[in-house]
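**Q** Sequential numbering from 1 applies to the sequence shown in this note's numbering.
Just so you know, these hints were derived from the structure itself, not from any lab.
On a predicted model such as this, the values are computed, not experimentally measured, just so you know.
Accuracy of the hints is not assured; some may be wrong.
Ranges between beta-carbon positions, derived for each pair [claimed, not checked]:
{"id": "1", "residue 1": "S89", "residue 2": "A59", "range": "17 to 23 Å"}
{"id": "2", "residue 1": "R120", "residue 2": "E56", "range": "26 to 32 Å"}
{"id": "3", "residue 1": "D17", "residue 2": "Q90", "range": "29 to 35 Å"}
{"id": "4", "residue 1": "A46", "residue 2": "E76", "range": "30 to 36 Å"}
Ideal Cβ positions, reconstructed from N, Cα and C, are used throughout, including at glycine.
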Amino acid sequence: MSDQAAGLRAYANQRRDKATLVTIGHPTPQAVTATCERLASLSGLAWETLPLAVGEVTAAQRSSPHWGIWVATGAEGLQRAYRELKQWSQRERLPRLLVIRDPASAGDMPLGNLVDTARRFLAVELVVDPAEWLAQTRPSSERRS
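All chains, full assembly: derive it from the sequences and hints.
**A** If you want it as structure tokens, here you go:
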């Protein structure tokens, strides 16, 4: 029975419109899966991630409003995310970024300082809540009431 259900889910995912989340950093497979599933449940789209390397941004990626940044756990993860934000913000005008975290530790890590620091010193807006991020990045014609 579960094989049939898995097959039906896979078929439904193939039929969905797709969206791409351009990612800064290297999220874990668990974080990618959890983030894409959460975005899919909120938007009705099938999400996939596209990791970036500095200097390799295409025009399509640059024009996308759907960007995220991987923030690993602990102080080192916060520092790495800030360094990557700083590096990217010097090269690109970054859109609003969704914070991507490991689902097992998502609630354990306070992100207020990173969010505030990115906004104040780098002019980069980080959004922790996927629903809020989607509402802000979706064109107004696609927003749900």
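**Q** For the hint 26 to 32 Å, verify it against the beta carbon of R120 and that of E56.
**A** holds, 28 Å
**Q** So the hint says 29 to 35 Å: do the beta-carbon atoms of D17 and Q90 match that?
**A** holds, 34 Å
**Q** Quick check: does the Cβ-Cβ distance between S89 and A59 fall within 17 to 23 Å?
**A** Because 19 Å falls inside the window, the suggested range holds.
**Q** For the hint 30 to 36 Å, verify it against the beta carbon of A46 and that of E76.
**A** holds, 33 Å
In summary, this structure violates none of the numbered hints.
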